[in-house]
Amino acid sequence: MAEAIVNGLGGLTVGFQMLAMDWRNLIMLFVGFILLYLGIKKDCEPLLLVPIGFGCILVNIPLSDVMGHEGFIRAIYDAGIDTELFPLLIFIGIGAMTDFGPVLAQPSTFLLGAAGQFGIFLTLLLALALGFPQLHAVSIGIIGACDGPTAIYVTSKFAPELLGAVSVAAYSYMSLVPIIQPPIMRALTTKKERETAMKPVARPVSKMTKLLFPLVITILGGIIAPKGLPLLGTIMLGNLMRESGVVGRLTKASENEIANVVTLFLGLCIGATMVGSAFVKAQTLIILCLGFLAICLDTVCGVLMGKAMRVVTGGKFNPLIGAAGISAFPMAARVVQKEGQKWNKKSYLLMHAMGANAGGQVGSVIAAAVMLSVLAGMGIIR
Amino acid sequence: MDNVTFGVTMLICGMGGTILTLWVMSLVMGLLGRLFPEKPEQKEG
Numbered sequence: 001m002a003e004a005i006v007n008g009l010g011g012l013t014v015g016f017q018m019l020a021m022d023w024r025n026l027i028m029l030f031v032g033f034i035l036l037y038l039g040i041k042k043d044c045e046p047l048l049l050v051p052i053g054f055g056c057i058l059v060n061i062p063l064s065d066v067m068g069h070e071g072f073i074r075a076i077y078d079a080g081i082d083t084e085l086f087p088l089l090i091f092i093g094i095g096a097m098t099d100f101g102p103v104l105a106q107p108s109t110f111l112l113g114a115a116g117q118f119g120i121f122l123t124l125l126l127a128l129a130l131g132f133p134q135l136h137a138v139s140i141g142i143i144g145a146c147d148g149p150t151a152i153y154v155t156s157k158f159a160p161e162l163l164g165a166v167s168v169a170a171y172s173y174m175s176l177v178p179i180i181q182p183p184i185m186r187a188l189t190t191k192k193e194r195e196t197a198m199k200p201v202a203r204p205v206s207k208m209t210k211l212l213f214p215l216v217i218t219i220l221g222g223i224i225a226p227k228g229l230p231l232l233g234t235i236m237l238g239n240l241m242r243e244s245g246v247v248g249r250l251t252k253a254s255e256n257e258i259a260n261v262v263t264l265f266l267g268l269c270i271g272a273t274m275v276g277s278a279f280v281k282a283q284t285l286i287i288l289c290l291g292f293l294a295i296c297l298d299t300v301c302g303v304l305m306g307k308a309m310r311v312v313t314g315g316k317f318n319p320l321i322g323a324a325g326i327s328a329f330p331m332a333a334r335v336v337q338k339e340g341q342k343w344n345k346k347s348y349l350l351m352h353a354m355g356a357n358a359g360g361q362v363g364s365v366i367a368a369a370v371m372l373s374v375l376a377g378m379g380i381i382r
Numbered sequence: 001m002d003n004v005t006f007g008v009t010m011l012i013c014g015m016g017g018t019i020l021t022l023w024v025m026s027l028v029m030g031l032l033g034r035l036f037p038e039k040p041e042q043k044e045g
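So the sequence lines, in the order shown, correspond to chains A and B.
The first sequence begins at 1 in my numbering and counts up one residue at a time.
The second sequence begins at 1 in my numbering and counts up one residue at a time.
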């Protein structure tokens, strides 16, 4: 009987023994706490960092079976990440939440949205130079889309083993946009450029144009880059529902209930991919550094495109607006407005920056779609 | 395919394709904006 009791007690202490045996789990438990701290105390993307942090803690508890064959997170992962369903459902919600009116009022700001994606391709080159396999480099580059669902969609497809690092980088840096962008914006522009006041966006956009926008973008984008049609189609479906105004219940469900439930599951699954043995590697640190660089390069290219537009318009364009051509909506637009006001109190850049920012939202999806279609064209993916 | 060919192809086709696609979209949306301008609301009565 004594032996049975000792064995029974042994069953209660085996977790501690395992924890002592693999220090990487301890590090990841700490990382989980940091993510929770950032989400709860610092308000950095809490909707994602809280479930990611908790998922990270769950999966790194020794003998945890949550990602095992019958684990409950594995079931969610197989149903939503493996099938690429979750990022697409989130996209319907994003489409339903986003007003593309500012970019439609000034369609030229689509070009700023394009420049804001160049960091993707430049980072891809850097990742290749550092020796990452080609599809891993694609997944690392996509952090530069500054768009969590796009990064998850591409990475879960081509480099699922990098999903944790890529997703955490994408969401963390998105929340750090107000810190990352301003120094780059100041470094690349002159005082005179930053002080440029812009005329208000005067052109109103008709309901018909707003209704046609999701249809035209889906058809045109789908024909040019069919591999990205799921991404493009879902965001535009959400937007069509919003602009049609006749399916209020579906629109509300997409931007609230569906988006909330999927965000919870998505976060848990991402956190659960951060197992110590797979995550605590020099490679993870390199990915985080490259992700940071990707967002810096996006900002650089956006501001440079802004400067080009300033030349074309004969000095009437404030190049700071170019920094808003990324997908972090509407955070990047607010950063531009704040920075512009610092240099000229009479400068109101918000609506212009919202146009560039909405362009960046479309741009990130188009960039991913183009990337997938080019990869398919080269025969690297099917 | 070697990494240099892959990287340069992705850079040219990826960046070029993105900017070209969005430029075409900006033209089409500009055109639609002109075809369907916002009409001022008519006063009743």
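Everything labelled a hint here was simulated from the structure, so no lab data went into it.
It is possible that part of the hints are untrue.
Calculated lysine-lysine pairs in the DSS-like style (CA-CA distance at most 27 Å, straight line) [unchecked claim]:
1. A/Lys199 with A/Lys316
2. B/Lys39 with A/Lys42
3. A/Lys191 with A/Lys42
4. A/Lys191 with A/Lys41
5. A/Lys281 with A/Lys307
6. B/Lys39 with A/Lys199
Which stretches of chain A does chain B cover? Using the computed rule of at least three CB atoms under 8 Å from a CB of chain B, they are [to be verified]:
7. 32-43
8. 174-186
9. 218-225
10. 358-366
Not the full set, but computed from the structure, chain B residues with beta-carbon under 7 Å of chain A [to be verified]:
11. Met10
12. Leu11
13. Cys13
14. Met15
15. Thr18
16. Thr21
17. Met29
18. Leu32
19. Pro40
All C-beta atoms in this analysis are idealised placements derived from N, C-alpha and C, irrespective of residue type, glycine included.
- Task: Mind listing which of the numbered hints don't hold for this structure, in increasing order?
- Result: 2, 3, 4, 5, 7, 8, 19
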